[in-house]
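Chains as they are written, first to last, in this note's numbering: chain A, 899 to 1175; chain B, 70 to 373.
Honestly, the hints are just simulated from the structure, not real lab data. Hints should not be assumed to be uniformly reliable.
[What the hints assert, rightly or not] These stretches of chain B come out as covered by chain A in the derived footprint (C-beta under 8 Å, 3 or more residues):
id	region
1	104-114
2	165-178
3	191-200
4	206-213
5	287-301
Glycine residues also receive a C-beta, built at the ideal position from the N, C-alpha and C atoms.
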Amino acid sequence: MARSETFSGRAFGYLAMLALLVVFIGPIVWFVLLAIRPADTFFAMPPVLRFQPSWESFRYTFVEPGNNLPQLRNSLIVAAGAVLLNLPFSFPAAYALSRYRLRGRKHIMLWYLGLLMAPPVAFLIPYSILASAAGLKGTYLSMILIAQTLTVPFSVWLMRSFIDEVPVELEEAARIDGGGLWTILTKVVLPLVTPGLIVTSMFAFVFSWNNAAFPLVLANRATATLPVGTLQYFGTAGVTWGFIAAAAVAAMIPPMLIFLVLDRYVVRGLTFGSVKG
Amino acid sequence: MTVALSLAASPRRRRLPAALPWLLIAPSVLLLLALILFPLVFALKNSFYFWNLQMSPVPMGYIGADNYRMAFSASFFLGALRTTVLMTLVGTAVEFLLGLGIALLLLRNLRGMRLTRVLLIMPTTIAPIVVGFLFRYMYDPNGGLIPWLLQSAGIPLPAAGLLGSSSTALWAVLFADVWQWTPFFAIVLYAALLAVPEDVLEAARLDGASAFKLLTHIKLPLIRKTALIVVMLRFMQLFNTFDLVVVLTKGGPGASTRTLGYSLYQAGLVDFNIGLASAMTWLIVIVVNAIIGLFVFFAFRDLD
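When you get a sec, could you build the whole thing from the sequences and use the hints?
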């Protein structure tokens, strides 16, 4: 893009940029405004842009009576639990798939990838019934366990791309020094791939946080996660839009912050490490 | 120095057992197999039984292939397959093309472009179910922003609203998906285009290649692999869509937005017909596996 541009070319560029922001960020702003609007302006025509911000929707959803506050905590428990349980399974696998020329390595990688593309809805009914049969229905454990079908394959792929970047020579030096596999993994590899582990874990957190399908059939009233809990506002006498927006905005914030922090790695995370970005 | 010393100290270099890498992989594979095979076997068995969960907590009688017959005869499956394929093909194509256009814009050296790029990905970070809430609000026929904008522009709208009319509902659902996922294509394709070497482009320019030729003959072939990967990932996600439909239209009006994912959801979790749902599970798993196989063959042939 070294060539100098004409004035009209630049003007077009800025207009297009503005249009992008209006189209892709505008709806988010509009939804956030819904959460702080007075109820009589929810559907005012023409739309009302000037209003006295009100925290009533947030107060109702998260303070008094605060029905959504336990759901926020549930979302955190399930997503954090899913990430923590996933690490001891995915890290060794990612390491082995990065370091060893195994027969069938490609097929194993593709098998994990296939799981990421499997239709979650196909598993909802069996999981729901099997969880009941196992006495796990409504528990955090059931949601954390089932989330592994997403977090483990995702983390293996993404983590492997980070381990690939750690020079193998360091491990070989440690091996020649007589280090066993455990020592090499914990003293050499782990410290070097910690940044990759953190990035992977944060994306896996988002993955699990945003998944509504599994909690929809596994949670009960006490363990419902935030997106599922938000559904409660539909179907009662009229849709209470302010409360939906307040709860949904709270659900939107953690993934957005994580993506802002991980800006450099967003492309890699979204493509499971297959595009470096 | 240390290397030499330790070599001398242990002349027989410790060799790692060949089974070791497999031991490292095994826990994840076993866990996933357990989580996948149980439900699949469970569904396979129940697909041959009549079982309505509202009537009985256990299967109510062996009925052979009736569930499969029903899935096909009620045009439940084929109709939904048609809707799903249409939505998936159009959605993936539109998102790819729009994303490519935006990626080219993001490459331009304008003030504020970096910030725009960082903000642009925000729709993709939102849970699909929340995107459903967001668009249901914006589509509301009584005071929603989108009908208001369209009407102000003089575009006539169906009386039942964009989501309530069978001629527009599918496109309205798809629009929400396009809004959420076009940034995904834009950001990934931007990253891929950024890696196209400038000297290659410069050489082509000197040869008098137009901007369009530059794109179709040089840039696109060079980012082919990345493009295939993102198209594949998105294609499958779109094919599996159901939560957006649950929130926006519940498959309606009529069957106009009943995707495969939604009809399965409806059979099992709305009508509690576990037998039918199980048969559909297997039909969907077979279709999805066939598509994944095809894609993987083309996109990941040279995976190392």
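Results of checking the hints against the structure:
{"no.": "1", "hint": "104-114", "result": "holds (count 7)"}
{"no.": "2", "hint": "165-178", "result": "holds (count 5)"}
{"no.": "3", "hint": "191-200", "result": "holds (count 9)"}
{"no.": "4", "hint": "206-213", "result": "holds (count 6)"}
{"no.": "5", "hint": "287-301", "result": "holds (count 4)"}
The structure is consistent with each of the numbered hints, conforming to all of them.
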